[in-house]
Structures are given as C-alpha cells and as structure tokens.
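Each chain is listed here by its residues.
Protein chains: 2
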Amino acid sequence: MNAYILNKLPVIEKALDDSFTSDIPETERIVQSMKYSLMAGGKRIRPVLCLAACEMFSDQQDPSPAIHAAVSLEMIHTMSLIHDDLPAMDNDDLRRGKPTNHVVYGDDIAILAGDALLSQSFQNVAQNTVGVDPARVLDVVIRLGKCVGPVGLAGGQVMDLICEGKGDDVSLQDLQWIHTHKTATLLMASVACGAILGGATPEEVEACEQFALKIGLAFQVADDILDCTASTEELGKTAGKDENVDKTTYPKLLGMDGARAEAEQLVAEAKQAMEPFGERATALLALADFIIDRKN
Amino acid sequence: MNAYILNKLPVIEKALDDSFTSDIPETERIVQSMKYSLMAGGKRIRPVLCLAACEMFSDQQDPSPAIHAAVSLEMIHTMSLIHDDLPAMDNDDLRRGKPTNHVVYGDDIAILAGDALLSQSFQNVAQNTVGVDPARVLDVVIRLGKCVGPVGLAGGQVMDLICEGKGDDVSLQDLQWIHTHKTATLLMASVACGAILGGATPEEVEACEQFALKIGLAFQVADDILDCTASTEELGKTAGKDENVDKTTYPKLLGMDGARAEAEQLVAEAKQAMEPFGERATALLALADFIIDRKN
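Which chain is which? The protein sequence lines are R and D, in order.
Going by my numbering, the letters in the first sequence line up with residues 163 to 458, in that order.
Going by my numbering, the letters in the second sequence line up with residues 163 to 458, in that order.
Treat the hints with care, since some could be wrong.
Identical copies go unnamed one by one, so any copy, or any two together, can satisfy a pair.
Below, a list of computed lysine-lysine pairs in the DSSO-like style, where the Cα atoms sit at most 30 Å apart [to be verified]: (1) Lys260 x Lys197; (2) Lys409 x Lys260; (3) Lys308 x Lys205; (4) Lys308 x Lys197; (5) Lys414 x Lys433; (6) Lys409 x Lys328; (7) Lys176 x Lys409; (8) Lys197 x Lys328; (9) Lys197 x Lys414; (10) Lys414 x Lys260.
Everything labelled a hint here was simulated from the structure, so no lab data went into it.
Please take these sequences and the hints and turn them into a complete structure.
Right under this line is the structure:
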C-alpha cells in the first residue's frame, strides 16, 4: 500500500464516520444502509487525491480545509457503487468482499440510500467547510454536481449501457468517452476540489485536472487488465465479469500488452502535468504509481 | 388554476427548458430521459412557492434571484418521482397521464437520470445564481441537500416502506413523520430558499418554513383524500392505489370528515404563520388555498 494513503486513511475513516451524527430513531434504517456501504473500506483513492492536492497549496493540515470535500467525494463514489450494483444495472452481489447494499437492504432502500448519500455529499461540503472563501466552496459544489450528471458518472454509465449491446462496433474513442466520464471526471473533481480549497489559481487547478484525467484513464485500463487476470477472491468482487457480458475493454481493443503500454503512457502524461509543481507534487506522483501498480 | 401559478408558469417552464444546454452527442440519451420527466408538466408548486417567497423580500422580479433555485427544486422533485415510480419502489406505470420514465427508458437509465437530475440541481443553483452573496447560495445548497437525505425525501420514503408492512400498527405520529419528511421538507426548502435569496432574515425564513410545513402536511392529507375519491383519469395516475396496497392514510386513521377537518386546520395554521407579513404574503396565502381546494 502507498505510504501517503496509509498515513491519511485513519483521518479519512474518522471523518467519514463523523459525517453521520443523526440519532433520530426514524432515520436508523436508512443511515444504517448508507453507512454499510460508505464504511465498507476501500482504498479511499478520491479522498486521498483531494487531500494531497490541497496540501500542494495549503500549509494547513489538521484538519485539512479539504477534509469535508474529501468525505463528500467518497459519498458520491459510494452512491455510484450502490446504484451500479443494482439488479437493474450491473446486478452484482459482491463488493469489497461483502454482499452489496441491495442484497442486504433490498433494492428500494439501496436506491434511496444512494440518493441520500448523493444529496448529503453536497450538504456536507457546503455546511462543514469553514475558513474558506464561500465562493471557493460554491466552486467545489459546482464541480461535484457536474461530475455526477450527463457529463459525469451518470452520462458515462448511460453511454456504457448503450455500447454494451454494440459488441465490436464500440470504438476506442467511445471507450475513452465512457471512462473519462464514468471514472476520470470524479478523480478530476477530487484533485480540483482539493486544489481550490487549498487556494490554487485557476491555472494550477487546470494542471491538477489534467493529471487526474490521465490517472483516471490509466486507472480504468488497469481495472480492465485486472478483470482479465485476477481472481474473484483477489478482487473482492466478481472477476471475469467484463468478458462474461461481452463488454468492450482496453485489452480487447489493444491486446494485453497494448493495454499495459497505454496505461504506462497515460501515467507518464499525468506526471508531466505535475512538473511545474516540483517537489510539492511528490504525494500525487506516488499515488499515480500506486494506481498503475496496484494488484487489486 | 391559481392566478399566481398561471402567471409564473411560462417563466418557470422556460427556465426549466433552458437549464439543459448540452449538445454533446454522447449525452443525448440521458438528457432525453431527464427532460422527459422534467418537462412533463405538472403544477410546479415548488418553483412557484420559491418565487413567491422570494418576492416577499426582493423587488427584483425578471429574472428573480430565486429562478435557478426554483429550477433546482423541480429537478429534485422530478428525481424523487422517477425513483419512486421504479418497479423496485412503487412500481407505477403512469405519471401525469404519461408512461413513467422507466417504462420509456428502462430501469437502469431511469435510475441514472434521477441521479443526474439530483446532482445537476446542486450544480445549477450554485453556478447560475448571480448577484447574491455566495454565503446565501451556500445556505440554499445546504437546505436542498438536507431535504433529500435521511431527514428528507429519502428518509421519509424509507419510513414509509417500513410502515407499509405494519398495517394497523402505524400511528398518526408515524404518518406525520413520513409526510413531514417525504413531502413537507421539500416545500419548506422551497420557501426557505426563495426567502433566503430574496434577502430575508433568519426569523423571516423560519416563519416561511412553518407556513410550508403546515401546507406540506395539508397537501398530503388532500392527496390521500383525492386518492380515495378521484378517478385514474382525473388524477393522471393510478387511483385507489393506497387502498390496494393496504397503506395507512389520513382518511383511514381519521375518517374522511376528520381528514378534511385536519387539512383545514393545517391551512389555518399555515396562514397564521404568514400574519407578520400582511399584504406581502398574498400570493403565498392564495397558494395555500389552491393546495387545499385542488381537484387534481
């Protein structure tokens, strides 16, 4: 595991847990369902990227000005996992080695828990981010909103569904559009929100976004490769699923070696975008390596 | 139809339509699905309440400082309708006289269209509200977020699902909790957001919220009464559905006359909350009458 992630995980886990303070008995069930998925572990890549980007521009670390944005990013990511796993979508029973949310709570509550996590993500960052110019917090809200909508997670997922039925007619361009929007936009928002809350200029935010776009695509290529090569036990989710549903993947379009080369190229471009920041970018660069080298 | 609503509808419909400017071909399908439900008509009660509340405190009318908040409120309401209608939830095929979103686009796209509308609602109000102190816009974001989460729409819906199986064990208190959170909180947010963007003080915002809480509950009592008395054709949705699924309703707990009296009492309390505003509250008071007198 990456040292920076290991260092930040306890802070992030605590902030995630602290984000639920409700003790209203009527909300017990939905809060249980939300926490079941939000607190299910995982590498917390998005919160870590957010905190690392913030630290490039701000000296304040404990608490980071971006800690609540980091929590909101994980809430959004968790919402997308809960909804993607539904029988009406990918119909997955297993996630991070545990039964998926709808298996435990039912499809209806899983849908509502996702909706609640999504709305709470906006409330959380707007309500709890203190000591930052409100205009910067609004900018964060805008970016979080954009990365879920038609040019974000949901739009990417719909294009993915449309392309699933098209078999070999899916081009590399389609695949890149899907992954840019399904995966990369949330990573772009992660570093952009961190940078903005740390005080970055628009140009600096833009450089961070380029970095994350490239990492995001590399992340997805690595995921496609892992789906072909790792076992269900190693992944903590159903392996070989892409091939089972005849899904277009990078290994399929480029071959396994081609996909590996593509991932390396993307990581190189990501690192290049960080060059202006020199030493300050050390944590983000190590995270880029971690993403391409990860075994699960 | 209420005169204030008739007056505001063209402005609201145009603002709703204008909120989609994307011409990216890859987003065509999801945007179609979002617009299908968002532009399906309806009384636009929430946007109208938002604009009317704003006008109590601001002279600026065209455009209203609250027009984008009004659009966001309708996006949130539409998301909740799309998700509620899903087979995994209420399983309704008909809404406003048209096939529901998932009947036309499939369950998967309907779920994603709801997610996209929800996230776009936050982006929209944060990005497009101009000429207002950013701290006030953040306050609006917080209230919109809260009214969808565990102490809002989603929490109310989960309690509703839990109570559906309990038959006669559901108390009037449970029913009020459900309707406060399923229905009233979004109306409260509608007037609160309008008032805040119009420049209201916290005490004025609080009075508007009390008004909307009472209207919201009255609205739900009226809805329960209509479900018992109106035909499917009149409603534009399946009538008698509550009784079919053995749902606890106000008429069931209080009798039809008791339910009617409860609705009138709630409207009287709503009007009382508006007394401090005198003439300025005329539009909101007429809306309260419209809500209790509506035939569909």
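* To do: Please name the hints from earlier in the document that this structure breaks, with their numbers sorted from lowest to highest.
  => 7, 9
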